[in-house]
Amino acid sequence: MQTSRLLLCSSSASSSNQLLLFGSAVTLTLPSCLRFPSLSLTITNSTSSSIRFNSIRSTSSQMASKDSQDPRIARISSSIRIIPDFPKPGIMFQDITTLLLDTKAFKDTIDLFVERYRDQNISVVAGVEARGFIFGPPIALAIGAKFVPMRKPKKLPGEVISEEYSLEYGTDKIEMHVGAVQTGERALVIDDLIATGGTLCAAIKLLERVGVTVVECACVIELPELKGRAKLGGKPLFVLVEGEGA
Amino acid sequence: MSGYKVQDSRLHGIKNKIRVVPNFPKPGIMFQDITPLLLDPKAFKDTVDLFVERYKGKNISIVAGIEARGFIFGPPIALAIGAKFVPLRKPKKLPGKVISQEYILEYGRDCLEMHVGGVEHGERALVVDDLIATGGTLCAAMDLLGRVGAEIVECACVIELPELKGRERLNGKPLYVLIECFECCDSQKMKEENE
Numbered sequence: 001m002q003t004s005r006l007l008l009c010s011s012s013a014s015s016s017n018q019l020l021l022f023g024s025a026v027t028l029t030l031p032s033c034l035r036f037p038s039l040s041l042t043i044t045n046s047t048s049s050s051i052r053f054n055s056i057r058s059t060s061s062q063m064a065s066k067d068s069q070d071p072r073i074a075r076i077s078s079s080i081r082i083i084p085d086f087p088k089p090g091i092m093f094q095d096i097t098t099l100l101l102d103t104k105a106f107k108d109t110i111d112l113f114v115e116r117y118r119d120q121n122i123s124v125v126a127g128v129e130a131r132g133f134i135f136g137p138p139i140a141l142a143i144g145a146k147f148v149p150m151r152k153p154k155k156l157p158g159e160v161i162s163e164e165y166s167l168e169y170g171t172d173k174i175e176m177h178v179g180a181v182q183t184g185e186r187a188l189v190i191d192d193l194i195a196t197g198g199t200l201c202a203a204i205k206l207l208e209r210v211g212v213t214v215v216e217c218a219c220v221i222e223l224p225e226l227k228g229r230a231k232l233g234g235k236p237l238f239v240l241v242e243g244e245g246a
Numbered sequence: 001m002s003g004y005k006v007q008d009s010r011l012h013g014i015k016n017k018i019r020v021v022p023n024f025p026k027p028g029i030m031f032q033d034i035t036p037l038l039l040d041p042k043a044f045k046d047t048v049d050l051f052v053e054r055y056k057g058k059n060i061s062i063v064a065g066i067e068a069r070g071f072i073f074g075p076p077i078a079l080a081i082g083a084k085f086v087p088l089r090k091p092k093k094l095p096g097k098v099i100s101q102e103y104i105l106e107y108g109r110d111c112l113e114m115h116v117g118g119v120e121h122g123e124r125a126l127v128v129d130d131l132i133a134t135g136g137t138l139c140a141a142m143d144l145l146g147r148v149g150a151e152i153v154e155c156a157c158v159i160e161l162p163e164l165k166g167r168e169r170l171n172g173k174p175l176y177v178l179i180e181c182f183e184c185c186d187s188q189k190m191k192e193e194n195e
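Protein sequence lines correspond, in order, to chains P and U.
Here full-length UniProt numbering is used: position 190 in the first sequence is 190, and no number is missing along the way.
Here full-length UniProt numbering is used: position 19 in the second sequence is 19, and no number is missing along the way.
Derived by calculation from the structure, the hints in this document are not laboratory data.
Just to be clear, a hint being listed does not mean it is correct.
Stated by the list, open to error - If you want a taste of the chain U side facing chain P, the calculated C-beta under 8 Å gives, among others: (1) Pro-91; (2) Pro-95; (3) Gly-118.
Don't be surprised by glycine CBs; every beta carbon is placed ideally from N, CA and C.
With the sequences and hints as input, model every part of the structure.
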């Protein structure tokens, strides 16, 4: 059983994202400080060329037109499995393990990120435990950057710095090694999915506290209904696939 | 590593990037920390390349990685040799249908889980982790793969602690490591606590 998904490559601040979902013809423009190879997307209201999915969302939400979407995205999206009521009732869990079993889809996923970041002078790829450890290292290796693991408390040996963040009930913490990164380095933060944005926000703060510039957050999947994009302190977010929120 | 073999020149750079942290996670353990290796793009790439050179073209279709540090080394190897990546996880992390394998810890037991349906009977598999100590976790990983009919070709780790004799716990399956570390822990103490 698949719920609906918007398929798009999206990189923008939150306000432009609203235009994408409910809009008339929109062209994504990137802020002048970021120049990336063209993965921009045009989303139109035309009925003939757009792909329609079964959707329980508003019928005004538009899908990426087949012509402008990277052809690799469709296979990546369909390789992600939805598990209902995990880890608890009401949550539709986006399971990327099936993507890892599709060698072409997994390679394409990494390639899409690598193509975007390889010429951006990025020296740090920070990956959030544990699924960020699956996507981060291949990207880091391909672009010649360090890989910095961001971990749950007490997992990293030696001296660490911590950042607390809120959960639905209570708080959690992520940690990074002292000395892993230097002031002035340019970093990506990687995770498999962004939901509320709490973890990514904490990761950004950890890096900024030691003087690193976070260039972008990159995830395979975004759950836009949970508005995580707005929690990133103004940092841009790039995702391959959007899914239904909890 | 035999003194008669010519060591690959990349190994020296890799070994230098492993940091020993004393008394972590508890007194008496000299923890082998691979995170500085990940901060050196050349050394990290060399590490992955050494495994890829060994396993490419051997018809291996599964690379299983043990949470969490096996998730760092396994996927790059899988991608380079064209294999699927199968995460082996602590309990309750994998959604959907799983099989579980218990294994013995110093005090008590733990459990490793794998998804049902990802691996087909007869597929050839590697098991990857950053380090082999007593071999308990790798053994559980091999059991899981064996139960679904995979053929374990080899276990591959960056580091081995040979004094803990993990190699002997792998049911005769071969083990390939890049770095051996002797006197890295109070091995007598760990052996006693593991009995």
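Here is what the structure says about each hint:
no. : hint    : result
1   : Pro-91  : violated (12 Å)
2   : Pro-95  : holds (4 Å)
3   : Gly-118 : holds (5 Å)
Hint compliance for this structure: hint 1 is the single one not met.
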